[in-house]
Amino acid sequence: MLNWLIWLIPLLPLLGFLLNVFVIRQERQAGLVASALVGGSFLLAVVATVMLGGMPEEERRVQTIAWEWIGTGTLSIPFGLLFDPLTSVMVLLVTGVGGLIHVYSIGYMHGDPRVVRYFAYLNLFVTMMLMLVMANNMLLLFLGWEGVGLCSFLLIGFWFERKVASAAAVKAFVVNRIGDAAFILAMLAIFSHFGTLTFYDVEVDGQIIPGFLAQVPNLLGQTFGPEWQTIAVATGISFLLLIGATGKSAQFPLFVWLPDAMAGPTPVSALIHAATMVTAGVYMMARTEPIFVASPATQSWVAWIGVLTALIAGTAALAQWDIKRVLAYSTVSQLGFMVAACGMGAYAAAIFHLLTHGIFKALLFLGSGSVIHGTHDTQDMRKMGGLRTAMPTTYWTYLVGAGALAGIVPLSGFWSKDEILAHAVSAGYWPQLIGLFIASLLTAFYMGRQVSLIFFGTQRDPHYHAHESGQAMTVPLVILAVGAAIAGLMNLPTLFSGMPAAHLLTDWLKPVLHEEAGKFNPLLALFATLGAVGMGYLGWSVYTRNAAKVKVGGQDPAYYYTGDIWDTLEAAWYVDTLYQRAVVGPFRSIGNFLAQVFDPQGIDGLVVGTGRFFGWVATGVRQLQSGYVRMYALVFTVGVVLVLSFMLMIAW
Amino acid sequence: MDSIQIPPIDFRLIAPLLVVTTWAMVLLLVDVFAIPANRKKLTGYLAIAGLVVAGLVAIPLWDVSGSTFSNMVVLDRYSLILTWIFLIIGALTITMALDYLPRHGIEQGEFYPLIMFAVAGMILMAQGTDLIVLFLGVELLSITLYILTGFAYPRLTSEEAAMKYLVLGAFAAGFFIYGIALTYGAVGTTNLALIAERLADPAAETNQLLLLAGASLILITFAFKVALVPFHMWTPDVYEGSPTPVAAFMSVGTKGASFAALLRILVTALPALEPFWLPVLGMLAALTMIIGNLGALSQTNVKRMLAYSSVGHAGYILLSIMVVSERGAQAFLFYTLAYTLTNLGAFAVVIALEQRSNATWSLDDFTGLYKRQPLLALAMAVFMFSLAGVPPTAGFMAKFYVFTTAYEGGLGWLVLIGVLTSALAVFFYLRVVIRMFMHEPQGELEPTLDRGLSADIAIAGGLTLLFGIVPAPIIFLVERSLVAAGG
Numbered sequence: 001m002l003n004w005l006i007w008l009i010p011l012l013p014l015l016g017f018l019l020n021v022f023v024i025r026q027e028r029q030a031g032l033v034a035s036a037l038v039g040g041s042f043l044l045a046v047v048a049t050v051m052l053g054g055m056p057e058e059e060r061r062v063q064t065i066a067w068e069w070i071g072t073g074t075l076s077i078p079f080g081l082l083f084d085p086l087t088s089v090m091v092l093l094v095t096g097v098g099g100l101i102h103v104y105s106i107g108y109m110h111g112d113p114r115v116v117r118y119f120a121y122l123n124l125f126v127t128m129m130l131m132l133v134m135a136n137n138m139l140l141l142f143l144g145w146e147g148v149g150l151c152s153f154l155l156i157g158f159w160f161e162r163k164v165a166s167a168a169a170v171k172a173f174v175v176n177r178i179g180d181a182a183f184i185l186a187m188l189a190i191f192s193h194f195g196t197l198t199f200y201d202v203e204v205d206g207q208i209i210p211g212f213l214a215q216v217p218n219l220l221g222q223t224f225g226p227e228w229q230t231i232a233v234a235t236g237i238s239f240l241l242l243i244g245a246t247g248k249s250a251q252f253p254l255f256v257w258l259p260d261a262m263a264g265p266t267p268v269s270a271l272i273h274a275a276t277m278v279t280a281g282v283y284m285m286a287r288t289e290p291i292f293v294a295s296p297a298t299q300s301w302v303a304w305i306g307v308l309t310a311l312i313a314g315t316a317a318l319a320q321w322d323i324k325r326v327l328a329y330s331t332v333s334q335l336g337f338m339v340a341a342c343g344m345g346a347y348a349a350a351i352f353h354l355l356t357h358g359i360f361k362a363l364l365f366l367g368s369g370s371v372i373h374g375t376h377d378t379q380d381m382r383k384m385g386g387l388r389t390a391m392p393t394t395y396w397t398y399l400v401g402a403g404a405l406a407g408i409v410p411l412s413g414f415w416s417k418d419e420i421l422a423h424a425v426s427a428g429y430w431p432q433l434i435g436l437f438i439a440s441l442l443t444a445f446y447m448g449r450q451v452s453l454i455f456f457g458t459q460r461d462p463h464y465h466a467h468e469s470g471q472a473m474t475v476p477l478v479i480l481a482v483g484a485a486i487a488g489l490m491n492l493p494t495l496f497s498g499m500p501a502a503h504l505l506t507d508w509l510k511p512v513l514h515e516e517a518g519k520f521n522p523l524l525a526l527f528a529t530l531g532a533v534g535m536g537y538l539g540w541s542v543y544t545r546n547a548a549k550v551k552v553g554g555q556d557p558a559y560y561y562t563g564d565i566w567d568t569l570e571a572a573w574y575v576d577t578l579y580q581r582a583v584v585g586p587f588r589s590i591g592n593f594l595a596q597v598f599d600p601q602g603i604d605g606l607v608v609g610t611g612r613f614f615g616w617v618a619t620g621v622r623q624l625q626s627g628y629v630r631m632y633a634l635v636f637t638v639g640v641v642l643v644l645s646f647m648l649m650i651a652w
Numbered sequence: 001m002d003s004i005q006i007p008p009i010d011f012r013l014i015a016p017l018l019v020v021t022t023w024a025m026v027l028l029l030v031d032v033f034a035i036p037a038n039r040k041k042l043t044g045y046l047a048i049a050g051l052v053v054a055g056l057v058a059i060p061l062w063d064v065s066g067s068t069f070s071n072m073v074v075l076d077r078y079s080l081i082l083t084w085i086f087l088i089i090g091a092l093t094i095t096m097a098l099d100y101l102p103r104h105g106i107e108q109g110e111f112y113p114l115i116m117f118a119v120a121g122m123i124l125m126a127q128g129t130d131l132i133v134l135f136l137g138v139e140l141l142s143i144t145l146y147i148l149t150g151f152a153y154p155r156l157t158s159e160e161a162a163m164k165y166l167v168l169g170a171f172a173a174g175f176f177i178y179g180i181a182l183t184y185g186a187v188g189t190t191n192l193a194l195i196a197e198r199l200a201d202p203a204a205e206t207n208q209l210l211l212l213a214g215a216s217l218i219l220i221t222f223a224f225k226v227a228l229v230p231f232h233m234w235t236p237d238v239y240e241g242s243p244t245p246v247a248a249f250m251s252v253g254t255k256g257a258s259f260a261a262l263l264r265i266l267v268t269a270l271p272a273l274e275p276f277w278l279p280v281l282g283m284l285a286a287l288t289m290i291i292g293n294l295g296a297l298s299q300t301n302v303k304r305m306l307a308y309s310s311v312g313h314a315g316y317i318l319l320s321i322m323v324v325s326e327r328g329a330q331a332f333l334f335y336t337l338a339y340t341l342t343n344l345g346a347f348a349v350v351i352a353l354e355q356r357s358n359a360t361w362s363l364d365d366f367t368g369l370y371k372r373q374p375l376l377a378l379a380m381a382v383f384m385f386s387l388a389g390v391p392p393t394a395g396f397m398a399k400f401y402v403f404t405t406a407y408e409g410g411l412g413w414l415v416l417i418g419v420l421t422s423a424l425a426v427f428f429y430l431r432v433v434i435r436m437f438m439h440e441p442q443g444e445l446e447p448t449l450d451r452g453l454s455a456d457i458a459i460a461g462g463l464t465l466l467f468g469i470v471p472a473p474i475i476f477l478v479e480r481s482l483v484a485a486g487g
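In order, the protein sequences belong to chains A and B. Once you know that position 520 of the first sequence is 520 in the working numbering, the rest is easy, because the numbers rise by one and skip nothing. Once you know that position 175 of the second sequence is 175 in the working numbering, the rest is easy, because the numbers rise by one and skip nothing.
No wet-lab data here; the hints were simulated from the structure. Quick caveat, the model's predicted, so the values are computed rather than measured. All C-beta atoms, glycine included, are put in the ideal place defined by N, C-alpha and C. Watch out, some of these pointers could steer you wrong.
Covered stretches of chain B, as calculated for chain A (at least 3 residues, CB under 8 Å) [stated by the list, open to error]:
#1 208-219
#2 273-283
#3 391-398
#4 411-423
#5 427-440
Construct all of the structure, not just a fragment, from the sequences and the given hints.
So this is what it looks like as structure tokens:
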């Protein structure tokens, strides 16, 4: 039964997508149908998970094949789904949080002229995300991977009347393509070394297609590359996968697209750019864990990239004024925690943090959406303040979310973050531990700051009348707040010997990740709690006391202490600027140069403002693609001479 | 005195070619004498019927293989599959043109038979196993295309395009002939299989220098036909100037046929020279992928953009050709089919947006298309993503196929360039999508969707998606085509 049941999970949202594209024209129906179908998926996922739990532990892996997708002599890729413990928790997160966000969207998007299209995109996204986490091979995973990227692109640019939106959409897609290119190369390498792309052995038409994960030990000692610098194959493949993950999961140095992606509607930020899509990189690393574990070199890169990202984004989040950009940098930072956990070999902890973060960050984004909605599209926190009386539900739920993110005991974020830190201690990753600990202190500080700026003090901009949002929006907030508070229960450490129901998640994931639960470290937990409470209070008090000084165009109260470093933080260490100068600028110049030189008939506004040098060369050589056929013949002849001489030179 | 021996001829083996050619010749006469000037569409329908008949005639040949005309023409599954692809190209092109020609006031009955002649030339290129026959095929195709390019007669750009294509084409034909002559001088034959035999025979005396020069010139001719950098410069001008259905036809037909012939030459005749041609083709492939995609980046004219994109795609196809293996041939066939459907579809959308009076083919024409014609916009999005190689489209599958094949074939560094350039390429395909979905419509431009165009777009779009999701049947077909000309 499980065999066909799991097919329904992605098919329901797909049905919703088709209905919304081809049948439904009314706003109300669109929202209801879209939400109901994702809700249905969630119920099915619960049923499937329960059934999976009923099976003996070593058999908990269901694979079903719809058809042989690609079948050539050497390569056979089935179009098949996989349902195992790791997939089950991802599916629950995607459909559960996704369903709530669908409901929330009904309220948030009410009155938007393109709301049907919005729900169509949203349903398509859920379908693709489910494909991603349920794929039983790399290629199908990649299909989902690109699909969610496409939906993300469409949804970031959804409000294209705002100029920044379509630019942000393009940026997200193009930056992600860098990661995708690495992903494709990794797939090619996996295929050429294992001859298969399926994760685990699977039977198709009576033939066993071998899975590559079990064969990873064969890579030991294999190398490739030039003789003076050989690279272990496992390192090569895992490093390419890592680059893929840095694109999708917004890690250093490819994180620059995520803050800009906030130009999309807020529920989209919650669903795609916090809870689900951006975690795809972490999921993929957990799924292909054996390859990463086989390469200590890549593992240390993974850990350091995670730590570095957590720090850079954590500091950048300190200095943002836009309510959503704070959360965006915070997301990047928390993803850094997960990636670092993977790098330190704590994959179960990474997934734990992924799940709790999915819940509380969705809560925070939806809360910020409620604030934006209630303040008539205000996103600048300098114009807010004192909203806790006008928006009590939003305030209280936001507080829970912020507490969970900051790691206040006993909210969910505390447990999952602690699990990662505890692992760093027990495995002896001291430098990484210090980095992550500082990042978690920063987290508490910027959340205290944000809560203070939004909800405390007095309203700084009198131009709007703040009001609480409707039920379609507050009910999901409350549900998520409950979730954010208690989600830690799913993987509590053994606090005292004989404690029942400890480390449930780690045990559940054991058939996939083969990890033992980490030890609880009381000293560390104490430090972490004291740090979180202290820094959270500090952030709150600094901005509450100085609330009067906060105004548009003025300096941040903290500027007094930090000086110009503040600007650096606000610009996220100028990584984006660096790309503009070092990559985009030259790239445009080259494009412009090529256009001017080789094809002056097709110059685009995209490429204006080349340097004088390029301009000078261009006028000199422009005659080439002048439209004169004699020029073409000349270039032709030069080509002939080159090819001929090249061939004959080899012969010599 | 010796009597002249006429070798036995098996006409069965060239049945599709015969059907297309004779049908076209008869149709020319019918068109002139029997079809009134205001009913020229009928000629088009008859031409499509001819192509369909040829396709049907080819079906029983699936299990037949053999060569005839003194081994100058061969029939194998490789050529048979290509024949079908070429027939599809011809039929779809004619469907596109049915209403396009009258709308632009350039309807002449001979358009349709001319397309059929071009298809015949392409089939000949797929079946030829002798340099002379290949030359015949190339010229039959090219000469018809010279006429078709200039078919929008009163429009200056069309004439200009025809002129440019003619001059450069003649230039290339000169190189081809010279190359054949040098090759003959070196090995004493123009038959592909015999050339390989002579090369393999240590006793035979071959002048290697002469042979290399000849082979280079032949390669260059094909490089020109498929528009490899630096022999690509005519492409944007000619595509822009010629009537759009003709540009569509050239972008897929000429490329497919020329690559088909090139593959056969490399596999059958010149495997021994691989150390020589591999680096050359490698350089050309790298240049083509880079310059083609970079060139497309700055275009605001959709036709020029598609022209550069077709240059880039020639680079990807070349990767599959360079892997002289069965897998390479399979990858080539799959890519050609996927690219054919996608590109024809994209051109059909361009035609739908082409206004009679002021055809600028500007990107702006796509602005807000989703709002005005949602299905048309969706179809175009599918084509763009397929060209960019984003799943779940045929274009992605094709790229994946080619890249895996090339990677296995030891062309790692070219695959790297291929993956990176196709990552770059998404940028300019995406611009079209953005215009369609993320802008409000402006201006009065209404797309004209006649029945032929709709059918074209529906078929191309549907198959592009289908082959992306269920490529197995095509792969199955392609695998059975083995082939690889010699093997």
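Hint by hint, here is what the structure shows:
no.	hint	in the structure
1	208-219	holds (count 8)
2	273-283	holds (count 6)
3	391-398	holds (count 4)
4	411-423	holds (count 6)
5	427-440	holds (count 7)
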